[in-house]
Every structure is written in structure tokens, then in C-alpha cells.
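J.: Let the sequences and hints guide you as you build the complete structure.
Number of protein chains: 2
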Amino acid sequence: MDGLGDYFPFWNALTKAQRDRLAAAARERGYSKGAMLHRGGADCLGLLVVLSGRLRAYVISEEGRELTLYRLLERDVCLLSAACMLRGLRFDVMVSAEADSRVLHIPAEVFREVMEESAPVANYVNALIAERFSDVMWLMDQVLNKKLDARLAAVLLEERALQGSGQLSLTHEQLGGHLGSPREVVTRMLRYFQEEGLVELGRGRLRILDLPGLEALAEGSLR
Amino acid sequence: MDGLGDYFPFWNALTKAQRDRLAAAARERGYSKGAMLHRGGADCLGLLVVLSGRLRAYVISEEGRELTLYRLLERDVCLLSAACMLRGLRFDVMVSAEADSRVLHIPAEVFREVMEESAPVANYVNALIAERFSDVMWLMDQVLNKKLDARLAAVLLEERALQGSGQLSLTHEQLGGHLGSPREVVTRMLRYFQEEGLVELGRGRLRILDLPGLEALAEGSLR
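As you go down the protein sequences, you meet chains A and B in turn.
Residue numbers for the first sequence, in the working numbering: 603 to 825.
Residue numbers for the second sequence, in the working numbering: 603 to 825.
Because the hints were derived from the structure by calculation, they are not lab data.
Using N, Cα and C, we set each Cβ at its ideal position, and we do this for glycine too.
A hint or two may mislead.
Stated by the list, open to error - Some chain A residues near chain B, calculated using beta-carbon distances under 10 Å:
#, residue
1, A644
2, R667
3, A724
T.: Following this line, the structure appears as C-alpha cells:
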């Protein structure tokens, strides 16, 4: 497959043999909305580059509650779907397609081989892990230090940006999955938001009525 | 400085020039209990190997509340004190000496130079970041999915292991710093533990009375 150089900043630092190995192994794949791409450490699909669509990385608690760690948009690289090639990684992340998506796939064993000989590739992976680690540290700060109302408001604003509309199609269950909170807790808070005139609730959808109000809530509501 | 090979698994994969560069820059340093080694991204001390003693890595919330991320014991390597050499890292970690400690210090710029040319060093750093990332993911799961009583019990058991005694010298403030909770909340829970016969409280110290009881609480108390 051609054109990998557009996605990987280390491309010109590779030998011809390394470039050929990656290009020969790379495949384009399509996933329908809702498809699971990766289920924790046992899977080791490989490195994924999002060509179009959107992926969601999340963890699941012992009781089955989800918490969204981050989203991967166009040109983002999903590293944790190649967790087996990262020594020291001891947690399970799920990756699913949140919209119909096309991804570029490089099998873990091929990428690992190149990473083990090439300092630029290994340093690129370093920066990727550091970025995801930073995402999670931000989330940890939110979870510990922000109240649920502020976090829910922030998630609604993020969904608005992702869906490109103030008319959101998503369930309370899904919102709970983003926040790591039980559905009932989310429903209670959404009803409060509705009473406050911030949103209007419908079945499987939700309309944002007071954008500045949600923004203020997301920003200012530190405990 | 000699003997670096004992601490770094990549040592034999380096060129002589690289080994000499690291050895010439490495210094042994001592820190007294309570000393700050690193204060977030602005500092960039470098890579630290714990020779003896104990370091604590933690974050601070906007309101000044601490949360312990992990401890570094003998032979552990502290990477986040060289945060400036990690592209993509966007969070501030504090590192302090939790006991009188001796560390081996390699300045960030020297280590970075070697890391940028050497795939084995870059891959070693990969594994280190992945490990710390995993520690934080475990902590996130605790914070989200375990109740404070179970987390406090777990922290007391960890302190018992670190201090090598059931007679712990530590304040409620320090416990709050490990848990990311306000001191008053910790004090309330400790009084409850005392009423239950699990611990006995004193000024700046605490004695574990019922070890199996604390263990059961730490294990079983999932929400």
C-alpha cells in the first residue's frame, strides 16, 4: 500500500527495506458503526490509522461500567490496539467504531520488528504513548476534581462538536459509558439539566437549548 | 561513573561512545526525606535511578489536593523527572523523597541524545512509560470503582509493607495526599476504622490492630 508517508512522520528516516516491509503489510479496512476493533490485551490487531470516521477507546470496570478514555479522529493513530508489542503495558482497553470508519491497519508483529530496529519509530511510539497517557491524566483530574454536572456538561459539548449539531443522538447509557457513571445517575442529572432549561430530552436523543449555560457549567463548576 | 550497566538492560546494545557519554554525565545525589526532586513540566532534572530510599510521584489538583500516582523503590527508574525529553507529555507530576534517598542522576539532554540515536534505549523508555501508564490506569479503576473505605484500607496495607511495621508513622494529611481526598474525609473514615477495631489512632501515627479485617475490606469492598 502506498502513501504511508503521509501518516508517519518517521517515514523518511526509514531504510527502503523497512518502508517496503510496512507498505507490504498495510491494509485498508472498513468497520461499521458499533463494530469492536479491539478487546483488551488478549487481542493484538496492530497499529491503526484512522482514515475516516471515529474510534472510541474505553475501559470497562468489573461491574461492566464503561469509561471513555479518548476518541480517535481522522489521521489519529491507535496504539493500544497493538498493546502486545508494548512491554510493560498491563491494562485492557477496548476500541470500537463510533461511526462507520475506514482505517489503515499494520499488523503488530510487522510494526514491532521495525520499531525494534529503528530509533525514529521507537521515539515516535514514545510520543504517542505519552500523548495517550496525558489524555488519561487529564481524565483522572476530571474524575477526581470535577463534579458530575460539570463533567456531563463537558461531554455534551464534546458530543456537539463531534456530531456537528446541537441535536444529539445518544442514549443515557452511552453518556454513562463516557463518564464512567451508572445510567440512573446520568438520567437524574439530565433531568436536572432539563429543569434548568439547558437541554430538552427525547428518546435516544437530546437537544442543547442553552449553549452558554452548558459552557459555564463545564468551565466553572470546580468543587 | 561506573556500574551503570547494572541498572540499564540496554547497556550492552550501546556503542562505546554512547556508554561513555552516559557514564560521564551520571552523578550520584542524595536527597533528605521530604525533599522535592521535581515540580512538574517546568523542571527537567533528568532520568533518576533509585539506589536506596523511596521516591513518591504525585499530582496536585487546582485546589492543592495531592494524589499519589506511584512509589519508586530501589532500582526503579523515574522517567517523569525527565518529562521535557518526552514529546507529547502534557501533565505535571511532582516527585519527592519519601525517605532519605540516594539516586543516580543522568541529565535529560544527555539521555535524550542517546535515546534519539538508539532504538534499544527508545524501546526501553517505551516500556517504562507503558508501565507508569499502567499504574495510573489501575489507580483510575480504583478511584472510579472502589469506595473510599476499601482504598484507605489498601493504602494502609501498602504503608505497612513499605514501613515494614504495623505501627505506621503518618498523618491524616499524608493519607489524604495518597488518596486524593480531603483530610477531613480521611479523618472521618479513620475514626470509623477505629470504632470497628481495625486501627488505633495516635498523633501522627496509627497502629494496625486487625490485619485480616483490613485485608478483607481492601479486597471485597467493591461498590
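J.: With reference to the structure, classify each hint as holding or not holding.
T.: Hint check results:
no.: 1; hint: A644; verdict: violated (16 Å)
no.: 2; hint: R667; verdict: holds (7 Å)
no.: 3; hint: A724; verdict: holds (3 Å)
Of the numbered hints listed earlier, the single one contradicted by the structure is hint 1.
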